[in-house]
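Starting from the two chains in their separate frames, assemble the complex, guided by the hints.
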Amino acid sequence: MTDAAELRRRTQELLAAHPPAETDRLDFLKARFDAGLAWVHYPEGLGGLGAPRRLQAVVDAELAAAGAPDNDPRRIGIGLGMAAPTILGFGTDEQRRRFLRPLWVGEEVWCQLFSEPGAGSDLAALGTRAVRTDGDTPEGGGDWVINGQKVWTSSAHVARWAILIARTDPDLPKHRGITYFICDMTDPGVEVRPLRQITGEAEFNEVFLTDVHIPDAHRLGEVGDGWRVAQTTLMNERVSIGGMRIPREGGMIGPVSKTWRERPELRTHDTHQRLLRLWVESEVARLSGERLRQQLAQGQPGHEGAGMKLGFARLNQEISGLEVELLGEEGLLYEDWTMRRPELVDFTGRDAGYRYLRSKGNSIEGGTSEVLLNIVAERVLGLPSEPRTDKDVAWKDLAR
Amino acid sequence: MSQVSTEPDLLYTEEEEALRAAVRDLLTDRCAAADVITRGESGVPHDPELWKALSQGMGLAGLLVPEDQGGQGATHREAALVLEELGRAVAPVPYLTSAVVATEALLACEGPVAAGLLAALASGRTVGALTVPLNVGPGGAYRTVRLENGSLHGELTGIADAAAADVLLVPAEDGGLYAVDADAVTIVPQVSLDQTRPLARITFDSAPARPLTADAATAVRRALRAGAGLLASEQLGLADWSLTETVRYLKERKQFNRPVGGFQALKHRLAQVWLEVVGTRAAARNAADALATGSADSDVAVAVAQAYAAPVAVHAAEEALQLHGGIGMTWEHPAHLYLKRAKADSIAYGTAGAHREALAALVDLQAP
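Keeping their order, the protein sequence lines are chains G and X. Position one of the first sequence corresponds to residue -4 (our numbering), numbered consecutively onward. Position one of the second sequence corresponds to residue 95 (our numbering), numbered consecutively onward.
Next comes chain X alone, as it looks inside the complex (with noise of 0.2 Å):
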């Protein structure tokens, strides 16, 4: 069994409870969810307004890049802050694909190519892509594209925010990690039960390549990581809008010439949701700051927190569509939005089962 080393730092610090304060004034302002539903269904499902006040103007994209390598040098610790605040608004930004997961991927290459590409991404001018497909967890298998004469070829499906990219990071079938851009190659979106982080088909047809890392596996395994890690602040977020305006919404609605919510029956239902998001929240700061200090706990934090996560986004939004009564199935109330991001979500960087089954080796319980 591994031993916690040293105690983790669970709370948010002052200056975290500031950048949330910022993050949620300006998803208040430019992220209304009437406006995420309605751009679900346009050309452009991703924001670029948005993740450029986010990344040109906040500089969020660089959370976790250093300060001598173009970023602002902070930790996982704030960029988990920054997506518990976008979970709650399901903001239609790649943050968590280009800011942490893509991020992390460069962390591990070195050379000039990578160097440029992280300062890049860091600004937020480049969004880029990992193109590993969505439901992948760390130390998952995935599908490589064919390298033939500096270029690639090959098709992948699956890959999350692709439409919004500029460049792509691919692993190749020689076990290297490649740069390529957005535009050598074709991006077809896929209709995606997410409509606010789509997936889309990506054709390698020679597409030019230029080589990051030889050593593909340890930094696709070092992003998802991340990703799943900091999903779990994503699916804090989601779940806690789910409660909060659940809870809202019951002490306003009457039926039976009573607030509904003083029925005992969804009293219960609310405080174990409650329950939960407490739950939920401990596991997502433990993830984060096992990340953020490198700690060697850091693999069973992460699977800890997305075991535990992901079914908590999914089952707080459900409760919220079902205690919200007829409204909640309509297209035009957002719990739609929760409900589909954190289904999707639950597969997204491995599902809560493939993070107990790793669970099982990291803390031998083996399966039978």
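Extracted from the complex, chain G is given alone in its bound form (with noise of 0.2 Å):
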């Protein structure tokens, strides 16, 4: 069993081999990733060690300690937390050895082609096709070709590969008919279009794949057991969104609470009981995420995560609402609608107004707010689930 102890053996070994002062950053993060250092929760020869996962913080704070650069991870968050552990846990021993270390040493940015116009919390329901050509591969079929349109796409007009999933075949109930593809963002028949949103800027995109072609060797998991799949892939979504640690008004409160200090001009009776109603329930939010963390760490099993999010997302919009109407005058202004693409969604540093705008999405992203309450009262509480008429319907056949 690797422990503490040998980590931080490992770690002063990989920083004397290559000091982190005279080492170029992408070759210092692949030998962090040939070391095991990377995510020592991964087996060895894939970026880890297999060593507990809580392990990781011990070499974080090493390296963090010796000034060594990290992956940038926010710039690959969707390879890292929902590409790279789907690839691990259905990719064939080449697709991990292929693509696990280009992804985390941020060489090979990841999207996700999940979402579509028509499949948005019915994601099961999705219509973009993938059939197989003719052809010789040891399964019987040939490689794939793909149509259909994909929305909400963040990074897609950087990333260099997809996950994706697409419907292999519509005669089945949806579930059963989805397959899981890893999509080369480079195929001509790839077109990546913004979707300009209400904040003015496009952080996201519309990708339209038109006879995108995709190997065989490119497929993650059985035809048909995409769905599955898929779930892994959300799972260690709603994971990284809930495991966050935040100080004492680290959120949304921070900016407000600031203002409130800095400008006793602004103030006035209602806006204080709404902000310190505000500041309590941010307070409680945050405890209940560290209250969270604690119990994963002793390995109990717990339903919170869940409802973190629902909590959160609701707080954002109401904090973010409040500080537009505290600024009086100036929060009729906004701070700029030229349309961007940026890479990288951070409220920090942002106006009130687009912090505004933009929380209106955290209830929608993720999964809306009233489906998660479903899923809450449904896994957590055990009442009834929603009537399905759509389970044994095959796809083809259902209304859209």
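It cannot be assumed that every hint is accurate.
Short, incomplete list of chain G residues facing chain X, as computed with Cβ under 8 Å [as the list claims (entries may be wrong)]:
id: 1; residue: L50
id: 2; residue: T181
id: 3; residue: R269
id: 4; residue: R272
id: 5; residue: A280
id: 6; residue: Q290
id: 7; residue: L305
id: 8; residue: V366
id: 9; residue: N369
id: 10; residue: A372
Computed cross-link-like contacts, BS3-like style, restricted to lysine-lysine with a CA-CA straight-line distance of at most 27 Å [unchecked claim]:
id: 11; chain 1: G; residue 1: K386; chain 2: X; residue 2: K434
id: 12; chain 1: X; residue 1: K146; chain 2: X; residue 2: K434
id: 13; chain 1: X; residue 1: K348; chain 2: G; residue 2: K386
id: 14; chain 1: G; residue 1: K304; chain 2: G; residue 2: K355
id: 15; chain 1: G; residue 1: K253; chain 2: G; residue 2: K304
id: 16; chain 1: G; residue 1: K253; chain 2: G; residue 2: K386
Just some of the chain X residues that point at chain G, by a computed CB distance under 8 Å [claimed, not checked]:
id: 17; residue: E108
id: 18; residue: V341
id: 19; residue: V372
id: 20; residue: A401
id: 21; residue: Y402
id: 22; residue: R450
id: 23; residue: L456
Note that these hints are calculated values from the structure, not bench results. Don't be surprised by glycine CBs; every beta carbon is placed ideally from N, CA and C.
The following block contains the structure:
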């Protein structure tokens, strides 16, 4: 078993062999990956050492103290948080070896081609088609041709690869006819168009897929097993949303509290009452997150993660809404409506108006609040499921 | 802004879970809802047998008292857990008022009188009550009685669990805190919203008083802070019962040929209550841990817990009543016990609004 002391020793070895100050950033990251210190809970040879996941913090602390570069995880969040665990869980040895290293060091950015204009909350109803060509592969069929449209794809314009789910058998009920692929974003059939949102920016894209070619070697999991594979991806999305640790006033309540303290002329009795209420709720949300973190660290299963996103979505919206109102005349202004394509979404340093508009998406993206309330009611409280009329109906016969 | 120094332990330890199980077993056997409802209208609203089992049988009245002073030498974390279970059963026992609030007041005092009373309260053979009205929160103003030649004169109202008390801890006009035997005063029950924690009017007519400390303000503040902080755990118990029982009932209750718990409008309301219970648990554990460790963050932790938990308990009880439909409106069904306790608790030891006001000063978010 690899323990903390062993990880510290290996980290110091890495630092000695590749002093960060004298080593190219990418070279250092590659060396770190090859030393098994990228994500220690991954298997040996794939950037890890098969160590407990919590010990990653030991490595990260040592490296940070030595001033080592990191892999800029925010830039490659979809790769790290969603593509990688799915490739690890369902990929062939060859796929793991080919994709994980450039993914982790950030040489290759990933995006996610899941949502469609006609498949939002009901993702399994997706209609992008994958048709197998005639040919000779060990499984009998040949490579795949993809046609359809995906939406809400962040990083599509910078991504080298995408994780993609598409319909391979329209005659089966919706969950069963889906297959999971790795899609080459440089294929000439991939067209990426910015999708401008209410903030004026386009942080997402629409992706049009026209006769895109995917070799069968880039299929992830069995044909028709794509829905199950996608559950791994989506589960990891929620883990990464719920697992963050924040200090007091670390969230959206921070800027409005600062404004309140620095600008007494804006204060009114009404906004004071609302601010205090939201401050209390933010602190309790923070404590709930901390309690969840402590539960997970002890290996106690907790359902609280499902609730964290619901809480933060509402708080972000209410707090930024209050801040716009508190600012009065300034609240009537907006920083900039110019169409831009940011690579990262970052609330910090942005005006209240931007945060107010952007946080409207928090209760839609990654599962709408309404769907999440159903999930809490059904999986946590054990209440009856929503009536399902589409379970045994062939996808091609569904209403749309 | 105050900083959080050490990370609080927000979980329950194995020992705490064992304690919970023991208390819950006892309450399941000895504190049935139907009996609590009947007792409310009897002349003896408190349950002396249950109190004896909890205090003398299990030693729970002395959790906050060090062992060398006659107690169990435990902390606010364990006392909070007991309150969580007592709240879940709306148990009519003077635990919060005697084993927490009066005990904390005595812990702030010195001398043989206070030491003797502390040991007596810790044993559970004596029940104590601090004569500050239940609605007063930490730092709040309260009435006192007149001291003349070593005895007390005056009248106080709104004193919780006074009817069950053997000894009263009484702040007097001279700024001191005094012990008075319940036999030496007139205690008249007031018809109370929450019959499981009834209030009383106390008349002092030359009641002999033994001095406990010259600084009642410090003792009272300490007592009310602990009361407010641990009340959040009682509120957690109330809310958790309300949610659990409503979920259970709505899986069973059928209308329109299906369980009503399958209707999305109701599912979402219950999921919302669950979210609030999750938050309350984190806030209540945080307050209990802060009090237990003497954290510099205690004032904030208590104010946050009370500002959050008070409306949650009320909301959960109100939802329980509404979602039970007609049966929830009957005297026979226990939902009203929880509603009345939750509503009374939302005033006890300071309203949520009072605690938010306290926070405004504590975290530097000053009023206009």
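Cross-check of the supplied hints:
no., hint, result
1, L50, "violated (19 Å)"
2, T181, "violated (44 Å)"
3, R269, "violated (10 Å)"
4, R272, "holds (7 Å)"
5, A280, "holds (7 Å)"
6, Q290, "holds (7 Å)"
7, L305, "holds (6 Å)"
8, V366, "violated (11 Å)"
9, N369, "holds (6 Å)"
10, A372, "holds (4 Å)"
11, G:K386 / X:K434, "violated (45 Å)"
12, X:K146 / X:K434, "holds (25 Å)"
13, X:K348 / G:K386, "holds (24 Å)"
14, G:K304 / G:K355, "holds (13 Å)"
15, G:K253 / G:K304, "holds (24 Å)"
16, G:K253 / G:K386, "violated (51 Å)"
17, E108, "violated (11 Å)"
18, V341, "holds (5 Å)"
19, V372, "holds (5 Å)"
20, A401, "holds (5 Å)"
21, Y402, "holds (5 Å)"
22, R450, "holds (4 Å)"
23, L456, "violated (11 Å)"
Checked against the numbered hints given earlier, this structure breaks hints 1, 2, 3, 8, 11, 16, 17, 23; the rest are met.
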